[in-house]
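K.L.:
Each chain, letter by letter, is given below.
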Amino acid sequence: MMLLLRQIIMLTGKDLRIEARSRQTLGLVIVLGILIIVVLGLGLGPEQLTNGASATATLWVAYLFAGVLVFEKTMSVERHDGALASLLLAPIDRSVIYVAKLISNLILMLILALVITPVAVVLFGFDLSAAPGQFTMIMAMSILGFAAVGTLFAAVVSSTRLQGGLLAIVVLPLALPLVIASTQMMIQLFRDGKPIGGTGLTVLLAADVLYLVTSWLVFELILEP
Amino acid sequence: MKQMNSIFVSIYWLATLALLAIGVVMVFAYTPTEVTMGPVQKIFYLHLPIAICTFFSCLTVFVASVGYLWQRKAMWDHLAHAAAQVAVIYAAIVLLTGMIWGRAAWGAWWQWTPRLTFSLVLWLLYVVYLVIRPSIESSQRRAMICAVYGVVAFLDVPLVYLSVRLMPDIHPSSIELEPAMKSTLIFWFIPVIMVTVGLIAASFKLAKRQAACNITRELPLPKSKTARPLRPTITSGNRGVV
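Here the protein sequences line up with chains P and V, keeping their order. If you use my numbering, the first sequence corresponds to residues 1 to 225, in order. If you use my numbering, the second sequence corresponds to residues 1 to 242, in order.
Excised from the complex, chain V in its bound form (with noise of 0.2 Å):
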């Protein structure tokens, strides 16, 4: 059983490598340049995907802090924390990738355009998410705070990109794809969705592992009748020998 499970790991990522060696053949050899941004724009094929799946890890872990809250379960807490290095890592792609982009487009690497900086808050949200958990060393009273904070920096995402909004933009509202980028963008989705899950499920799974380890670290040891004593102790036969 468990080499079959290792088997379809490993078909699960040679699958996802494939198709993204073919998405990016096809971003160099299928699809056009464009003409006013010319070559940076491929970017973009990278950039929306990754910036969808940012939000799906959200979500994960939202989902994975109420059912901690709810049932108690440790796994959902391992579940929450594999997710949020998801987002932070896929948030900051977006912010790198949308830096690029905004380096060739105006010139400058950051303008504080609403897009922008919902990015930034976001990334910094679940980067604290990761941050506290360290700091906190019983493990049921880290995942307990964990999921209190992971409701509540989900539910402020819709308040940062509502309030981002009352800031001036500059960023395209929506670009015009000829039919050969259309098809490249949605099959980069495919490898893209594919990493995202696979990604949440290696880091789920060590998760799971590193806390069995700690708990069999935290188990006392088995008593032994000829286990000897780290110190003599004082007892009415050896008194003042310690």
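Isolated chain P (complex conformation) (with noise of 0.2 Å):
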């Protein structure tokens, strides 16, 4: 157990060492994130912009597509200089592997979210106050989902043909019970101010543990040097 343990440090170190260095993911994606909510600002009416319900769709069109390219940076690390094929030639076991990438990619999001929520919240004028306690659960078990599975198809399309858009296009249906549940309950919470109910929080958490394991056990499988 202390043995996977230092394994997953070890790869999720390796991760976020070559990110410190290189710098290439995180600034791209923050950029792009901020452009994104900007460029959406920019098309609603003014009238939208103070409803809470675009803040938040916003936010997520932001989370997802910034996400795509936090997953294919990190993966895209492992196809340089064989660098996946030594990876795979150490005595690791390769969901340990999964894990470690799911984990850096965690964070690399929270990174993301910290800087691009905070703009959302100025530019669209959304009152956080009313339950800035379930958004951040709701986000936070929805970003666990959308890492889980994102960090899976990544590997998988790593090795093909059509690299970025081909994991844009095979991971946002996938996300799109988390979204379609996040976003509803945000209504209920922001815009109608109701409690949110347990189906929500339901769908999330199944959808967590259900793409966590499936990537999990099938890792191995997919993953290619």
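The set of hints was computed from the structure by calculation and includes no laboratory data. Hints are supplied without guarantee of correctness; some may be wrong.
[Stated by the list, open to error] Facing chain V, a subset of chain P residues (Cβ under 10 Å, in silico):
| id | residue |
| --- | --- |
| 1 | LEU176 |
| 2 | VAL179 |
| 3 | GLY197 |
| 4 | THR202 |
| 5 | VAL218 |
Ideal Cβ placement from N, Cα and C applies to all residues, glycine included.
Fit chain to chain and form the complex, with the hints in mind.
P.N.:
Put into structure tokens, the structure is as follows:
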């Protein structure tokens, strides 16, 4: 157990160290996220801007597209100089590689969310004070499920011809239950002022568990140098 | 044996067409016109069986994908591909018939109701399955990736169903049917199921033939003593002739 934990920490540390030294992913996705929020903000009318629902929808668009870029970049690092082939030769279980990649992606997504959420809150005049805890919980659960499925398919897609475009096409439909459930709960919370029901949270929890378990089980089958 | 098979297929499709024709006659001559919706309600006899068969096709994709992951036999991949094609066509029909019905009922082609949204997401999930296939060159890799996607996409279906239930619904939850309407609806399930099975089988057969053709193309040509090389090779005797 301790060995597994050490391997996960080592692989996650490697990914984060590469990102800290190259700074090629985080800067890119943060700027992309802010651009998406600004473009959608300009496209929506003034009456839409003050609506809580449009702020969460815009945030989701930013998370989805910037997230896809995060997953793609963290996996493409492994494709350079045969790094993945060397990693697969190492005496490490492949599910450990999945967990480490997932944690790296989650940390990068968390930093992304910490930067672009306040931007959306300010630009859209989105009042989070009604339920900041519930907002954080819903978004954290949604991002976990999204990262779980995104990490799996980034590994799948990285070995094909159409890399970036294909990843977005594959991951976005699979992430739709998360988007629908979280946006509906946000509408209930921030527009209608109602408490969130158990169904939405159950959907998010079920999606997280399902994506994590399935990805963990099948990651070994699809990873190829 | 091959001839017997072809006769059986012809009989199967003729019987299906005959049953479809009887179904159409029943819809227009036997069933009464619904009072509120008028003639557009007759779309329901096609809509419901097709919607049920869409799930059947998705289930077939799932079973075949699991089969591939388990046994790694190309047959399972061909079956999953065939069923996914049928699922996409059927989900498109469900969407279109739902939109036509919605136009008459609500005055708009599209409403973000749970069931229409569910059909749209289901269609998208399986369109992606078909879109990713040609972009993967290696047949084994394609089969593996599609099998993984086929499993995750099917497991996603109940989540989509549960998540869309959070949306406000204006779709009728149940419809009271007269006995003639009920029997026509039950009858329509027979030809639609036959079409579904027939389409999956035909598509499966075609995928198997295509795969066999691709394998033949990829095989190296037999070496012949009399065969001439395309370019003269450099040997000690003809050095510099190339």
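K.L.:
Against the earlier hints, flag every one the structure doesn't satisfy and list their numbers going up.
P.N.:
none
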